[in-house]
Structures are given as structure tokens and as C-alpha cells.
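The task is simple: from the sequences and hints, build the whole structure.
For the record, the sequence lines run as chains A and B. Heads up, the first sequence is in our numbering, so the first residue is 917 and it goes up one at a time. Heads up, the second sequence is in our numbering, so the first residue is 11 and it goes up one at a time.
If you are wondering where the hints come from, they were derived from the structure by calculation, not from laboratory data. Hints may contain errors.
Said to hold, decoys possible - Listed next, the stretches of chain A that the computed footprint assigns to chain B, with coverage defined by at least 3 CB atoms under 8 Å from CB atoms of chain B: (1) 968-974; (2) 993-1000; (3) 1006-1016; (4) 1193-1207.
To be verified - Straight-line distance between alpha carbons at most 30 Å, and here's what the computed BS3-like set of lysine-lysine pairs gives: (5) K345/B with K1050/A; (6) K44/B with K94/B; (7) K355/B with K1000/A; (8) K1152/A with K1163/A.
Stated by the list, open to error - One side only, chain B facing chain A, incomplete, derived with CB under 8 Å: (9) L111; (10) Y210; (11) K299.
Ideal placement from N, C-alpha and C gives every residue a C-beta, glycine not left out.
Read off the chains here:
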Amino acid sequence: MSTIYDQYETVIGLEIHIQLNTNSKAFCGDDAHFGGAPNTHVSAISLGHPGTLPRLNAQQIKSAIKLGLALGSEINSVNTFDRKNYFYADLPKGYQITQDNQPFCRGGSVMVKTINGERAIRTHHIHMEEDAGKSIHDLDPNHSFIDLNRAGVPLLEIVTEPDLRSGEEVEAYMLAMRQLVRYLDISDGNMDEGSMRCDVNISVRKKGETTFGERCEVKNVNSMRFAKRAIQYEVKRQIDLIESGGKVRQQTLNFDPETGVTSPLRDKEDAHDYRYFPEPDLPPVHLSNEQIELWKSELPALPKELYAKFTKEHQLSDYDATILTEERPVAVFYQKLAELNGNYKAVANLMINKIRPYIQEQKIHIQEFPVPVNSLSDFIQLIVDGKVASAMAYQRIFPKLIETPNETPLSIAEQLHLIQSADEDFLMTLVKEVIEKNPQKVAAYQKGKKGLIGFFMGEIMRASKGKADPKATNQLLGELLRK
Amino acid sequence: MSKNTTLQQIQSAIQSGDLTCVELVNTYLAQIQKTSDLNAYVEVFEEEAIAKAKALDTKYKNDPTSVGKLFGMVVSIKDVLCYKDHQVTGASKILEDFTSLYSATAIERIVNEDAIIIGRVNCDQFGMGSTNENSVYGVTKNGIDPTKVPGGSSGGSAVSVQMDTCLVSLGTDTGGSVRQPAGFCGVIGLKPTYGRISRYGLLAYASSFDQIGIISKSVENIATILEVMAGADEFDSTVSSKLVPNYIQELDFDTNKKVKIAYFDTALNHPSIDPEIKDQTTQLIEKIKGEGHTVEAVPFEYLDYIIPAYYVLTTAEASSNLSRYDGIRYGHRSKAATNLEETYKMSRTEGFSTEVKRRIMLGTFVLSAGYYDAYYGKAQKVRRLIQDRTNEILNDYDFILMPVAPTTAWDLGQSLEDPVAMYLADIFTVQANMTGMPAIALPIGTHSSGLPIGVQLMNKHFGESELLSISKYLINLLK
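Right under this line is the structure:
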């Protein structure tokens, strides 16, 4: 049944903050890593002491450009910094160094899978800025605490066009973005550590309308689940407001994950005047075409490219290709293995069913997987060649291989007596035995109950302890049963 | 003491055994004591300076070649320059009792070359002012006439040199703050090219204008210390990596060389100019011409736009630069404040002087939404026009000559009544900061009131060598 809510369309734009994984902060040499005792990753510069000046960390420029290139953005050749002025206790200088006029990247897009198929979500621009410190208000009833370890850590802000239409699309976009920054190795993308944060701009309009409704900005949504819930709540609130004759006012809202409710932080009327102006302490950064081209050539293969390769060249299913491209190290490992062993489907199966679950269980990096790739390739070949039944290989050889990674899969298979036999005498004895033991089933088969072939195969395999070569057995069984 | 006005003389005296560093420092300390009524120093590093002098005497005795280039140079520093483990307050209550965790690059370089820093000298709060009356430590008085101001903002620096309490003083110059007090006090003041000396450790007033400047009685001393301080610094992204010349070696003016000097009729005939200053400047021009050089009037149509544009741009930058003084992490925090907003408002209200607050308000206004284009944006365009026109002139001429200020030193208290009049008095010095060009103020004579009169020369970017050598030449010419 259609409700009033179905008459509306949701319009969402995102501002995503990505904390870069540089070693040092954006404008000084302080440690930029997450964690550390409060106020230990600080110096006179990040504390905003009198007389200190910013100096640009070159690493963050490369990170910004890599992301821009991966999104297909236009890269600016002259890039400037600006100051955004406001007072807050965790902002040491009383201004944030950011980019207002000449951000590093403009345009570009990310392909996102939605229920209506794949869609390009356009990027408005990507700019660079420094993070503020952290205010902690819940440790003491009368005091707030400030941790400035994060102050000055480099951020990229990705501002999208208002192209998203639902919480699910937002989640898909965030996942795609997280995957991308991890592929590019510019951020760990961990939302729970604040490496990826997001402000959500939400408006609603009647379906078919071409102008946008008045929007509200929900600040600092720090998980994808919260983002979905905040959107859900906010969309309902706005539609209810309009339907009851009210008007949505442009507001900045805070989302409370405990109650699932958004509440106003400030109205448009008392919006900050940030008094942006060019940062006089940092000269413009000029990027040459050669530099940009060099960085472009250094980009790793991106998830969408690998997905295309895996589905087209390797003929893998959408499911397999999606899982294999989810994280770059897995995709790289798969490719290495696929280079050694061209049975792509078998390689994919091993990756998805055994290797990936194993590293997840053990919480190890895929590069720490104990079995060398050439041995894994031999393992796959045993199955492909029909020397070992795949179930036997997975259940018995694989665990042994992990225990003793230096042994060859073949020798393990031999020790475990799992080499399948295609020897006709051996098979003939087994098949005959089974036929003799089951005269009624043979009669039923001969009367046309062809499905019984599975029963005979199962019996033979059990009797052979998995060593009977299924192909040869099947053929022989067919011949004998027809007699 | 006055016979030892150059570092070279001091070093020779030490070498010949007529002088030790300890004796030198003691003489300066006695002089500081004697002139303490003028209030040039806000802190004297007495024990430390003596200890350093002792150590240097021993070092020199053990190995005369082991001492640094500035061995024997005693320096005072403006209270806006950071010196590790020493207080720096910008002459403001907002930084009361603040001790710097690090040394400014320039300070570190001179200390490494064995300069002795004898004390911290007074100035206008955060360099904002032209009289040195705007200081939490009270006014500094002009040693020639204590009823007059020494100029500002580096007034303490100028007086400390004027009264022979040190050989050299480091000031800062955002719109004339080194040259104008040098002019008012009858000493020499150089503002180098923007970016010649690292600003790291200089309490920022207006970042795209600020530059460390040098005050001394001899051009040689300025050349020597400039060479030590100048050059690339990884802590300042705006400093130039241009090679630093050997200024001392390039100091001698080739008397066969004839230079071309421009001056502005609009400046010399400006309604604000004191007639005696105009006369003495004109006489100097004639004297230079008499030596076979060319001195010509050139049109400069932007003179009256300089001050308004300068105050829009510098206050805009200042309003942001001074935001860090918020009472949260260091400096003055109001005891009456009960929450965050009150902490900001009350600490800043109590901590900053009226003049600083005036400039913060002005700067906040010119950057605010709806006014940016009309003020900040427009002023940036004016700055560009002034830069272009000045470059044009200096393509045709070697130097631009101007008075340092339209008047001699004012009466104490005079400027406080009309701040805009004080702003307008920067009319001749601000051009060098708007364009980033180097400029030097030299004493050329005495007014009938007994106060010094100065002249200013300006040159192309990084033309400090030529500026210093013509200065030396002109000083000899005027002897």
C-alpha cells in the first residue's frame, strides 16, 4: 500500500572527511598516528604557540591527487590554502587551514551499486584541510578535556553532488569510498577510529519536482549504520513537517545515536561567518603535468578495473569478483595465484572458501598466509587433474598444508592415501561389488530411474575412501548398469 | 664605548687585549642601568649575558679561531621574537609570563654565531603602533628628548641602540616599525626583503608583511648580522631559498659608478610633510646630484591609497593571527570567566590593549561576509597595483628615495588622541611592506627642534647589498 512517504524523493549530498595515513601531521613534523596518550603527539607548532608557522607535508598532496585521479577528477595545477576562522577549545590557532578557493581536485565520480542498478555519484570537489583536536565532555561534570593529538592531522574532504537518494545508497557510497582509499593506501578508512567521518545534507521533494527542497545538514555521523538511521529519521521528520503545513528550515543538526533523533545545533541565521581568506603563511602549490602523470602511472589497479578483469577475462561470477576485489590484498593474492594457475574458477573457489576465511579467522594479513603460492597452485592442480577429489582436498589436504607448508600437496595426498585411482581393475572390482549388493536398485535403474546413478556413485566413493576417480567411475558404472 | 661602533672594532679591541667580552657586557649593562628611565628594556638578561661573555672569553683565549662570526656582538631583541626558555609577551597582558619553548630561527642563528643577547626590549603591543606607547610595560621615551616618543613599534630597539646599550637590536617591520623609530631616534634601520629572513618565531601581526629588521649605528653591523640570519629555513614556507650574498664584502660603493635614484613629487610635496624635512631631503637630493648621480622625480599616483589598503590587509591578517591568544592553552585567562565563551571574551578583553582590539575588530569586519569584496578583495587589488608600479619604477631606477616619516618624533600622548592620524604617518614606510621590497632608514640631519631627520631608500627584491653599500656611501657623503 502506498503511503504519503512514497510521494516524496530524498536528496542527499555528502561531505566525507578522510583522515590520511601520513606519518606526520599536515603542517608540522608531529606524529599523526591514531592513539597515544592524550597530548603527546604535539609540539609548539600543533599547539599554536606564538610565532609558529605551518609547513606543508608533501605526502598529503600526493594522497589528495591519487584520490582525485582515481575518481577521474580534474587536478588543479595551482592550489592555494585558506584560513577558516572560528573559536573552539580544540582548535589551537583559532583558525583551520583548509582550501576554499582552489581545491586540489574538482569533478569526478564513484560508481555505486544501487537497487536500481549501478549509478555514478558525482564529486563536486576534494579539498585538503587539517583536523581539529578532540574535546571530551563526559569525563567530569564541571570540566571539559582537550586532546590535541589529532590537531593538525591531514584530512581530505570529499564533497559530493546531491546525487544520492537513500540511506542504502549512502552506505554503498561510503563502502565504495572506503574500499577506494584503502586500495590507494591513503587512509585506513576506519570509521570507528574517526578516520572516515561524514556530514549528511538531506532534503526531500515531491517526486517529479526538479528543484531541491530546503536542506538540513547532519553533522559528524561516525558510522554507516548511524548514517542510515539519521537519514531515516530526518526524512520522516521533514516529510511530516511539510505534510503538516510546516516548512523545513536550513539547519545544522546533531544526530544522537542513543535516541536515533536529530536535534538542531544552529540555525542558518546564526551560522558561523568563517571569514575565509588566503593563508599568507603557505605559498601556492604548483603541480606540473609531468608530476601528475607520474603519480597517475603509480596508481594501483582500482577495484572497478579488477572487477571488470575478473568477470570478463577470468569469467568469474559477479559474486566471486565482488568478494575478490573487496580488499586490495586479497585481489592481489588472487591475481598472483591466477597467474600461476589459469583455472580461475578453481583459484577463486580456493580464495573464497578457504584462504579468505582462514586469514579472517586467524586475524592475520593475507601476506602472512603460511602456504607459498606455487604450492597452492599445485594444490589446485591436484583437484583439476582429478588426482584428488575436491572435497577430500579441501577437508584433509588443505589443513595439513597449513600445518606443514613446506610439504608438497602431492606428498600430503599420498601420505593420506587420497590419490584417486582411474585404474580399471580397481574400479571394476568396486563397481561390481556395489551392483551385486543392490539388485533391486539396479532393476529400478534399468526401468528408467536414472537418478539412482548418484546413489551408486556415492556408494563407490565411500567404498574407495574417496580415491576413485569420479569420471572414470561414472563411465564404467554406466557401461555395467546398461548390461 | 662610542669608539667601538662596529663589530670589527670590537673584535680588534678584544684581539689586542684592550677589551674582553665581560667588560663589554658590563659596559652595556651599566648603560642600561643609566638609561633605565627611558624604559627601553622590559627584561635584562644580566647574569646570563655575563655568563655567556665569560664563556666566550675562555673560548677565545683557548682558540681564537673557534669563536663565531658574531663574537663580540651584543644584541637586544624586540619582545615579539621567541628565545627558548625566555619570556616573550608581545608587550601584551595576554601573554603575561609566557615562556617560549623554542627559539626563532633568526635568534638561533645569531646565538650559534656567538652573539650575546642582553635583553628583551619594549615595543607596541604585537607591533601595532607607531609610538611605543601601546605597551603593557608603559611607554619608551626618546633618548634625545624624553618628552618625545621613540617611534614604533620597535621603539625599545631604536632607543637601546641610540643609548649604546647594545651594538645591534632586532626589531620587526610590518609597515615601518623598524625604519620609523630608527628615523625618530637618529639611528640606522633596515627592513630586508620579505622572505629574506625566516619569520619562524616572530609573533605574527600581518604574515604577508612582517619581516625581522635590524637597527644599529653602523651599516657594517647590519650587513654582518643580516648575513647570519638570512636564508632558507624549513620552518618557514614563505622564506626565500635565494643564496645569501656576502654583504660585508659587497659593502664598498664603487665611486666610479653613477646611480639613478627616483623620488616622488607627491611625497615631497605631501600636505602632511614638515617643511624642514622637505628642505633637508631636497638638499640631500642636490648633494647626490652634485656627485654626478641622477636623481629624478617620477610620478606615483597611488601614494594616498597605500595607507587605507595597508590597514585593511594587515588588520585582516592580524584578526586571524591573534585568534590563538584565547586563554585556553597559555597566556592570560580571565579568572572571572565561568564558561568557554566567557573565557574567550573576558580573557581577550582584559588581555589586549585598545589599539590591538581596534585592529582585530577592523580586520574581522573587512573579512566578514558581505564586506570581503569591498574591503579585503579591493585592498588586494590595490596592493597588486602598487607592486606593479613600484616594480616598473625600479626597472628604470636603482633606488627610490623618500623621507622616513612626514614629521619628527611626536610628543608623548599625542598619537593616542587620534589613531587615524598615527596610521597616516606611516605613509612613506608602508610601500616597502606592500611590495615586499627592502628599505633602509638613515639619519641625515637634525631638525631645529633638535630631533633627528631620516631618509629612506628602497630597492628591488633582494637588493640588500646595493642598499647597504649606497647607505654607507651616503653616510660618508654627509659627514
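Practice task
Measure nothing beyond the straight line between the CA atoms of K345/B and K1050/A; if it is 30 Å or shorter, mark the hint as holding.
Solution key: holds (24 Å)
Practice task
Given the hint that K1152/A pairs with K1163/A, test it: the Cα-Cα distance must not exceed 30 Å.
Solution key: holds (13 Å)
Practice task
Against chain A, run the beta carbon of L111/B and see if the smallest gap drops under 8 Å.
Solution key: holds (5 Å)
Problem - Hint status (Cβ of K299/B to nearest Cβ of chain A, threshold 8 Å) - result: violated (40 Å)
Exercise for the section: Given that the region 1193-1207 of chain A was listed as covered by chain B, double-check it with a C-beta distance under 8 Å for 3 or more residues. Expected result: Held - the region 1193-1207 of chain A has 5 residues with a Cβ nearer than 8 Å to chain B, which meets the minimum of three.
Practice task
Would you check the hint for K44/B and K94/B, treating anything up to 30 Å between C-alpha atoms as holding?
Solution key: Holds, because 28 Å separates the two Cα atoms, which is no more than 30 Å.
Problem - Residues of the region 968-974 of chain A with Cβ under 8 Å from chain B, three needed, outcome - result: holds (count 5)
Handout entry: Interface hint compliance - Y210/B to chain A, C-beta minimum distance less than 8 Å
Key = OK, holds: Y210/B within 8 Å of chain A, min 5 Å.
Handout entry: Check of the region 993-1000 of chain A against chain B for coverage (Cβ-Cβ below 8 Å, three residues minimum)
Key = Violated, because only 1 residues of the region 993-1000 of chain A bring their Cβ atoms closer than 8 Å to Cβ atoms of chain B.
Practice task
Take the C-alpha atoms of K355/B and K1000/A, compute the straight-line distance between them, and say whether it is at most 30 Å.
Solution key: Holds - the C-alpha atoms of K1000/A and K355/B are around 19 Å apart, at most 30 Å.
Problem - Coverage of the region 1006-1016 of chain A by chain B, judged on three or more residues with CB within 8 Å - result: holds (count 4)
The structure fails to meet hints 2, 11 from the earlier list, while all remaining hints are met.
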